[in-house]
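Student: Each chain, written out:
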Amino acid sequence: MADTATATAGVDHHDDHGHHESFWSKYCFSTDHKIIGFQYLFTGMAMGLIGGFFSYVFRMHLAFPGSSIPFFGVVSPAAYNSLVTNHGTIMIFWVAMPVLIAALGNFLIPLMIGCDDMVFPKINRLSYQIFLISAIVLIASFFVPQGGFGGAWTAYPPLSAESQYNGTPFGAPMWLIAVTLEIVAFLLGGINFVTTVMNARAKGMKLYDIPMVVWMIVIASILFMASVGPLVAGAVMLLFDQTLGTGFFDPAAGGDPVLWQHLFWFFGHPEVYVVLLPAMGVVIEIICTFSRKKLFGYRMILYSSIGLGILSFFVWAHHQFISGVDPRATYLFTTTTLLISIPVAIMLFAMIGTLWGGSIRFTTPMLFALSFIAEFLIGGVTGIWLGSSGTDIYLHDTYFVLAHFHYTFVPIAIIGTFAAIYYWFPKMFGRQLNEFWGKIHFWGTVIPFNGIFLPLFVLGAAGQHRRIAGFTAYPDLYTENFQDLRVFATGSLIVLILFQIPFFINFIVSLKRGKKAGPNPWKANTLEWVAPSPPPHGNFGDNLPEVYRGPYEFSVEGREDDYWPQNLPEASK
Amino acid sequence: MLEYFLPRASSFAGSIDHLFDLITYLVMFWFLLVMAFFFYVVFRFRAKPGQKAQYITGETHKQKQAVEIPHYLILICDLAILFYTFKVWHEVKIDMPEYDEQVRVIAQQWAWTFEHAGADGVLDTEDDIVLINELVLKKDTQYKYELQALDVMHSFSIPVFRLKQDAVPGRKIYGHFKPILEGEWDVQCAEMCGYGHGFMPARVQIKSSDEYAAWIAENTPANLKQDAAYANTESKLKEAPNNG
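Chains as they are written, first to last, in my numbering: chain A, 1 to 573; chain B, 1001 to 1244.
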C-alpha cells in the first residue's frame, strides 16, 4: 500500500493507521472494498465446495441406493433430508448471493463508478463479519445432536416449527438463525451498494453511463431489501414457534401454516431475480467486450430489468398453486408469471442483438457468457410449463421443477460466476488465467451440466417427486430404465466435479505465475480497467477518473482503436 | 407426450396432457428458433482478421422493433396458453361435479389412511372400509375426496391421475377425480414431511364395477368376523383403566 496516497471523494478515510498493516488487519479486518469482495468470494467458493459435496453424496445415494458412499458412508433418510435441505440453502444463500451480489458488488462497484471505496466501509466490514458468523452457525448446525435441519430449504411449518415432527431440536433453530443472520448481512451490503452508486460516481458519469452490471447489482439490492422484510418477520415468528412454543403457524393454536409459504415466497421469488440480474450484468459486460460491440438497447435492457423487478413481486403464489390457497388466485398468478417471461426474453434478445454485427472472440469468459445465454434460455422456457397452473398440478414438486430451476440457477451461480472470475481475474490479481485450461474447464463444466439435468426433466415428466430418499418403495418409479437415467445424471455430476480440479489448479498457479496483465488486458472501456492491476488501496491513486461517455463505445466509426475508454477526453480521438 | 411415460387413468388426465403438449409445441418452436438464430449469429460474426465490428446502438426505432415484434408474437402465444390453462384449472380444481362415491384421505407421518365410504356410499358410517396405504376405486365413477393432514404438510399425488393436492393440517380440502382405467399404480407424498417422507408409498387400485362390488362385500367390517373381534378387544382395552 506504500504507493497509495488516498484520494478524497468526500468519504471518511479509513486507512489512517498508516502503511504498515499487519496481515490480520489487512485481510481479516479490512475496510477495503476489494478485500471484502475477496472475503465474500472465497467464503462463497468454500461453501460451494460443501454444497457440491452434499449433491455428490445424495446423487450417489439415488444412483446406488443403500450402498456406502465413498467419503461419507451409508445415507440414512434423516441424513438424506438434511443433505438436500442444506444443499439448497447453501447454494442459494451462501454461494449465489455472496459471490454474485456481495463479491462482485464489492469488488466492482467502486472500481466501475470511479471512486476510491464504498461510502460506508465499516458497515461493509460488518456485513462480511455477520455473513461469516452466519456461515459458521450453519456449518455448526450439522454437528449438533440429531444433526442438521432436514425440512427442505423452504422450511414449511408445522414440520419446521416442531421438533417432534422434524426430529432436529437444535438443527432447525440454528438453520433459521443462520439464514436470518445472512439476510442481515446482505441488508447492510445492499444499503452500501445503492448509496455508493447514487452518491459517489466519478465526475461526468450520468445515470445512463453506469455500466450495466452495476445497474443490475443496484436493482437486485433494491429488490432484495424490498422483499426480505416479510421473510425476516416470518423467520422470527418461526423461531418463536420453535423455541418459545408460540403458534403463529400451528393450526391447533389458531395459526396458519400456509401463512409461512406466503411470507417465504414473497421473498423467495424476487430472490431468483436478485441473483439473476447481476449474472445478466456480468454477461452483458463480457459479450460487449468480446464482440467489440456497443450494447444493443441500453435503455431497453435497463427498463426491462426494472419492469422485471416490479413484476417479480406479483408472482410468488405460483409456488403455491396446489398448496391450499384459494384456487381462483391462480388465475392472477398464472397471468403475471407468464408475463414475466417477456422482460427476461427482451433482455436475452438484446444480448443476441449485441452479438449481431460483432467481431466475436471466443475467450474463456466469452464462452461462459455465451453458454449462459443458451443454458438460461432452457431454464427460462421450461418455466412456462410450471407457471401455467394447469400443467403445474401434475408437475409441481417433481424433478421437472428441480431440473427447471437448476437450469436457471446453474447458469446464474456457476456459469455466470466463472464468466466473472475469468473476466476480472486479471484485475483482481494482476495476472491472467491460463486460456487452455480455462477452455478445458469450460467444456468440462457445461457438457456434464446438461448431462445431469436433461435426464431429470424426463424423470420429472414421468412423475418422480423431489426430496424422496430413494425410489425403492415405488414400483412405478424403480424401473431399470429410470434407474439408468439416475445413474447417468450422477455420473455426469462426478465428471463435472472432477473438471473443477483444473480450475482450482489454474487459479492457484496463475495467482503467482500467470501471464502479467496490464491495466486493460481485454481492451475494455469501463473504469475498472483504468486502475492498475491489481488496484491499490484507494483504487485510482491521486487522480480519480472523469467520465466522458457511455461504457460500451466499441468500434466507433472513424476511430482507429475499436474501443474508447470512458475516461478519455474527447480530444484524444 | 406424458402418456408415453404413464397412462391417463383419470378423466382429466387427458386435458392436462393436451395442455402439456400445447405448451411443448409453442415453447419448442420459439426455443429452437432462438437457439438456431443464436448459434447462427455466434458463427457468422466470429472475429476475422482485419474486420471491424459494426456500431449499432439498438436505440433507433427500427432496431427496437426488431426486438419488440417477436415479443408481441410471444405474447399471443402466452395468451393461448393462458386461455387453455384456465380451462384445465377450472376443470380440475374449481369445478365440483356431481359425485357418486366418496373417499377420505388422511395423511400423517408416515402413512396414508384411506376411508372408503363402503356399500352405502356415505362416510362415517359402520360400513366404511378403512385401509392403510391402499386406495381402492371403482372405474368410471365420479369421486369426491376429502383430504386432511394430522401433523405436518403432506401432498396427495397420484401421477397417473395427474392429480396433486397439498394436505394442510387444520383444514379439510375437497376435490374430485374419475378413474377411467383399471390397474394398480403408485400414490406418492409430494411435500417434504420429515424423515419418512420417501417411505410413505401407497398404491391405488382401480377395479371394474363387478370386482369392486366383490371387494366391498369381502371387506365390509361387518363381514369380517376376525376384525370385528379385534375391534371389540380394542374397545375393551380402551375402557380398561390406564396403568401406564
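Some hints here could point you the wrong way.
[To be verified] A few chain A residues that face chain B, going by a derived Cβ cut-off under 8 Å, partial list only:
| hint | residue |
| --- | --- |
| 1 | 25 |
| 2 | 204 |
| 3 | 252 |
| 4 | 388 |
| 5 | 561 |
| 6 | 562 |
Everything labelled a hint here was simulated from the structure, so no lab data went into it.
The model shown is predicted, which means the values in this text are computed figures rather than measured ones.
Don't be surprised by glycine CBs; every beta carbon is placed ideally from N, CA and C.
Student: Hint compliance check: list the failing hint numbers for this structure, sorted ascending.
Tutor: Checked against the structure, the hints that fail are numbers 1, 2, 5, while the rest are satisfied.
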